[in-house]
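Trainee: Keeping their order, the protein sequence lines are chains A and B. Position one of the first sequence corresponds to residue 6 (my numbering), numbered consecutively onward. Position one of the second sequence corresponds to residue 186 (my numbering), numbered consecutively onward.
Simulated from the structure, these hints should not be mistaken for lab results. For every residue, glycine included, the Cβ atom is placed at its ideal position computed from N, Cα and C. One or more of the hints may lead you astray.
[Unchecked claim] Facing chain A, a subset of chain B residues (Cβ under 8 Å, in silico):
1) VAL189
2) GLN209
3) ALA244
4) PRO248
5) SER297
6) SER298
7) LEU304
8) LEU310
9) PHE311
10) HIS320
11) VAL360
12) LEU400
13) SER417
14) ARG463
15) LEU467
16) PRO474
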Amino acid sequence: MARTLLAIYPQSARRYDEMLSADGNVRPHWRQFFGHLDSVAPEEMRQRLEFVDRRILENGVTYNVYAAPDGADRPWALDPLPLIIPPDEWAEVSAAVAQRAALLNAMLADLYGEQTLLAEGLLPPALIYGQHGYLWPCHGIKPPGGVWLHNYAVDLARSPNGRWWVIADRTQAPSGAGYALENRLIVSRVFPEMFRDLRVQHVAGFFRDQQEGLTGLAPVEGDEQPHIVLLTPGPYNETYFEHAYLARYLGYPLVEGQDLTVRGDTVYLKTLRGLKRVHVILRRQDDSYCDPLELRGESALGIPGLLNVARAGRVVIANALGSGLLGSGALMGFLPAICERLLGEKLLMPSIATWWCGEKPALDYVKKHFDDLVIKPAYPTQRMDPVFGHELKGEERADMLRRIEARPHAYVAQEMVQLSQAPTWSRAHERRLLARPVGMRAYAVTTPDGYSVMPGGLARVGTAGNTRIISMQRGGASKDTWVLTNGPVSDFSLLKPSVGVRDLIRAGANLSSRVVENLFWLGRYSERFDDSARMLRVALGRVVVAGGGKTPAVAAAMELARRVGVLPEPDEDSPVKDGSEHVLLEAIYDPEQPGSLAGNIRSLMWAATHVRERLSLDHWHSLNSLQRDQQSALKKHPTLTEAIAFLDRVLGVSSSLTGFAMDNMTRDDGWRFLIIGRRLERLAFLAQSMAHFLTMESADGPESLEWLLDLMDSIITYRSRYSRAPELLPVVDLLVFDDSNPHGVLFQANVLMRYLDRMTRELEADFDGDLAGVVERLRAFDLGKLEHLPFSRSHRSAPCIELAALLHELDLAANQLSDWLGMRYFTHVGDVSRQTMAL
Amino acid sequence: MPAVRYHVLHETRYDYGSPVALSQQQLHLSPRILAWQQVEEQCVDIEPTPSWRRDGLDAFGNPVTWVAFHAPHDRLLIRSVMTIAVEPHLPDALDDSPPWEDVRDLLAYDSSSPSAEALDAARFLFESPHVRVKHELADYAADCFPPERPLLLGVQALMAKIFSEFTFDPEATTVSTPVLEVLENKRGVCQDFAHLMIACLRAMGLAARYVSGYLLTRPPPGKPRLIGADASHAWVSVYAPGSATGWVDFDPTNNLLPDTEHITLSFGRDFSDISPLRGIILGGGGAEPEVAVTVFPIGEEKIPEALSAAIEGRGARA
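So that you can see chain A by itself, here it is in the shape it has in the complex (with noise of 0.2 Å):
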């Protein structure tokens, strides 16, 4: 046995210790949990790590840092370790949470109401006022079952005494509940048997009071079942991955603003079917750009006329428009006496120290102590980091006092708060506990029963031993949470124990049209990424070959290929230098360039992204996995044969999303556009590369149908029915005119329209382009014509040329189709609200 991991882990005097007490123990509650770590073997704990990674990773956890130069997305950091509470001293931060929550509400309901907290000074009205965050249009209205503040979270630390104290109020849209349960999901299966000894408390019911809040308070008229949607500002928000994966599990519609549409008293959800009213809306946008109408104008993020609704008392919008007024540090110093005032009852837990500048006395205080405090903006809308005010000397410290002078009450100072240190597993060393800075984020939601607490929340870790400011924003890193239970541990989970036939859910009846759109792409895209691989694949396959040199094979699928698009057109002013090998690896990894291969992989993504929450976590592993090949290629320079294997492993990835499309989703309208837009582009693809195959001058003989074989994935077929070199006639039935051949045009062409078919017969609607007449005048077409016509460039025949023809007219008429389906199904993302003004 190595030494235990306590001899090197460093121990403080000045901050409380989660795991070790003063005198240097374990605490009581953390023994089990340490002796079991004290005891596992590196190697293991390694294979952990590994399982941790693995899993953030593929199920795509990420953070979105704005000003991240490589982009959006960055994996979520966890760190392994949870950190434990014991159940009495839950019971308090429990009951000082729910307590917190309820004040907050009844704060909210006096701001946008009576204002009796301002006639009685007992908040000054600069911080009501004087916020950006107080919405004028929104005062008066009255939100269903007088519900305010329906999510809660605020941010705790605990102090040197070991008592726990309020460092942040979150009331606008508060993140970080769903990373917790994602943390929980990774964590209970790092330590499962510590998890299920150790009695943790389960968060799943939390997720059901949450659900059973917003059903129960929405606002349903007659028969009509509630219908609740997540509202995201969209795949750049910092969070993202949280509304998703939320959305999912709560079985909410992800929704954006342009989904949503109001029509006098009522929103509603656009969907294939029409429109659906909508009773509650979880929103995890910010208020204010919640209606470009009588908020900030300038967005078209938002829904217009919902304050309307609002007024009107017919939709919950959680948390009300407006609530994001109480997450002003300001606020805390007038908390006791707020609390007495409206719940007659004393503040459970404290907050941090706070001064708000615009009362003299704490001005003259915050002067005097400047160098002990940090100073903050009054408001949360104010764009300002936190100063130390030891830091500042000389002329910036003249200045923020001035500045501070000139405007006391936009400005807060708290003191500097030392947090609790919990131990964090190094990654540096084979086998070491590391002492961090820890805060914790806890959650509430109301429920008819008052506010429901989840039984344990985001824990978040410094970098470092001297981190001050804990933000994932700023590069920290989260834990899971473990609260004990004396009692019995629940294992509800969120499936209901019994449906009754009012809950029943057909498919997808309520698809907005964004995602219905969102899919087609995603079906047109991945056939789209397919086929390019494939053409590239064969023409890599010649230049391979053909060993650099320049044979006829060589230039016809490079002819083919920048015919169909995946190679750009030959500039003219500055020929290529590098030949064929150059421009065909660009043209798979080069992401910027059009119809790249890299290209339709980011294409691929972005619609995957918009409609994560409906593929499964296993499509999205793949879907992740390619994207990562893609960009650890770009790094390195790829030979010929590197680039062929990466092309067989994109088919390969290819062949695995075709599975989860037909095996995996259920038979809803988004299924069929998704199947749409596959059929659809791959019959576009194949009618296109036979027309332009069959007038192409560059090819030539066997050897040119033999790849042609190869694009379209028949050369088996062929070889099995036919045991001689290629000829024209059998190779144009078997890949146009064979309906039995899945890589065939007809075959596509049938199976597109009746899906066509089956949803305008539901949608009732009549697509009126000409694909059933081409179709027909195509199957017309005379085989005979070419029968023992020599397939040679001196002799490029006129039944080549007809039947060419016609396939160009299949092309275009899919393409019509495509545009059709945008016309009638589709959201019209060119058409984008915008405001006007008149004076």
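Model the placement of chain B on the given structure of chain A, informed by the hints.
Mentor: Below, chain B without anything else, positioned relative to chain A:
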């Protein structure tokens, strides 16, 4: 002096160029009733007929109307017609007002219960979307407010300073030009001057609100009044405890104290609270609205036919 009565016609016309599929509009076009202002008649006609409409009061007590159009349309006409009586209401003497510091201190928070009037004024004491309160503004206003100067004399001095140092220039600004830019360039229109003056007053710790309305203009001698030749106007109201209604109006664009020639529509913290017509449309081209305002004093001149037709509601399409 008796009240002066007016007809006001305020027409807004959008020709969208291409059809608008969906439109929602918020109207602050109905005048509020004030101690010195009676609304005798008032109506707003809208073409096409809205699919939905709601009338109410906003958080500042101004009449507001919301309308929605759910069917495609390529033009929108909103015609507001009113008959209004305005009584004289100039303050007695500006030097009677309390020292400006007393008013500032009255408005400052000291954890006691504020008077209802002071709490009401506090709504207009802080930053708002179009009024950033920066120290440059306090610097600009400082010489108008020497110690102990009566509040209203200070405000008048500030108004005179703005009037003399700034140039009226409709090309210089848009509705979103920030106050600090106006201060730097010294050009703008009535809205800009009102916002600037409000920002200066708030920077001094005083409460000031933005007033939107109309101003009577005089046609050149011997010329008839032209229909639609006027425009919406904006000015400032400052909290002045001890005055008749607690607030006194100042018009920095014209360097005068509004009396019977200013007609009030609404007031708010700034333009964004009470934009006369604010909307969100889906579709349509890039057309700008045509706005025509006519303020016609009753009894002084013969009412032009086009105006009387509009007032009678016979659909003048001037």
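Trainee: All hints, please: hold or fail.
Mentor: Verification of the hints:
1. Checking B/VAL189 against chain A by beta carbon gives a least distance of about 24 Å; that is not within 8 Å, so the hint is violated.
2. At its closest, the beta carbon of B/GLN209 sits 5 Å from a beta carbon of chain A; the interface hint therefore holds under the 8 Å criterion.
3. Restraint check, B/ALA244 versus chain A: the minimum CB separation of about 4 Å is within 8 Å; hint holds.
4. Against a cut-off of 8 Å between C-beta atoms, the interface hint on B/PRO248 is violated, since the closest Cβ of chain A lies about 14 Å away.
5. The closest approach between the C-beta of B/SER297 and any C-beta of chain A is roughly 5 Å, which is under the 8 Å cut-off, so the hint is satisfied.
6. Proximity of B/SER298 to chain A holds as hinted, the smallest CB-CB distance being about 4 Å (cut-off 8 Å).
7. About 6 Å separates the beta-carbon of B/LEU304 from the nearest beta-carbon of chain A, less than 8 Å, and the hint is met.
8. A cut of 8 Å between beta carbons decides the hint on B/LEU310: the least distance to chain A is about 7 Å, and the hint holds.
9. Because the beta carbon of B/PHE311 sits about 4 Å from the nearest beta carbon in chain A, less than 8 Å, this interface hint is met.
10. Restraint check, B/HIS320 versus chain A: the minimum CB separation of about 4 Å is within 8 Å; hint holds.
11. The beta carbon of B/VAL360 is positioned within 8 Å of a beta carbon in chain A (closest approach about 6 Å), and the interface hint is therefore held.
12. The beta carbon of B/LEU400 is not positioned within 8 Å of any beta carbon in chain A (closest approach about 13 Å), and the interface hint is therefore violated.
13. For B/SER417, the suggested interface contact is upheld, since its CB lies about 5 Å from the closest CB of chain A, less than 8 Å.
14. This hint holds: B/ARG463 has a C-beta 6 Å from the nearest C-beta of chain A, less than the 8 Å allowed.
15. Interface restraint check: B/LEU467 against chain A, minimum CB-CB distance 5 Å, threshold 8 Å, status holds.
16. A hinted interface residue such as B/PRO474 counts as satisfied when its beta carbon comes closer than 8 Å to some beta carbon of chain A; here the least separation is about 4 Å, so the hint holds.
Hint violations for this structure: numbers 1, 4, 12, all remaining hints satisfied.
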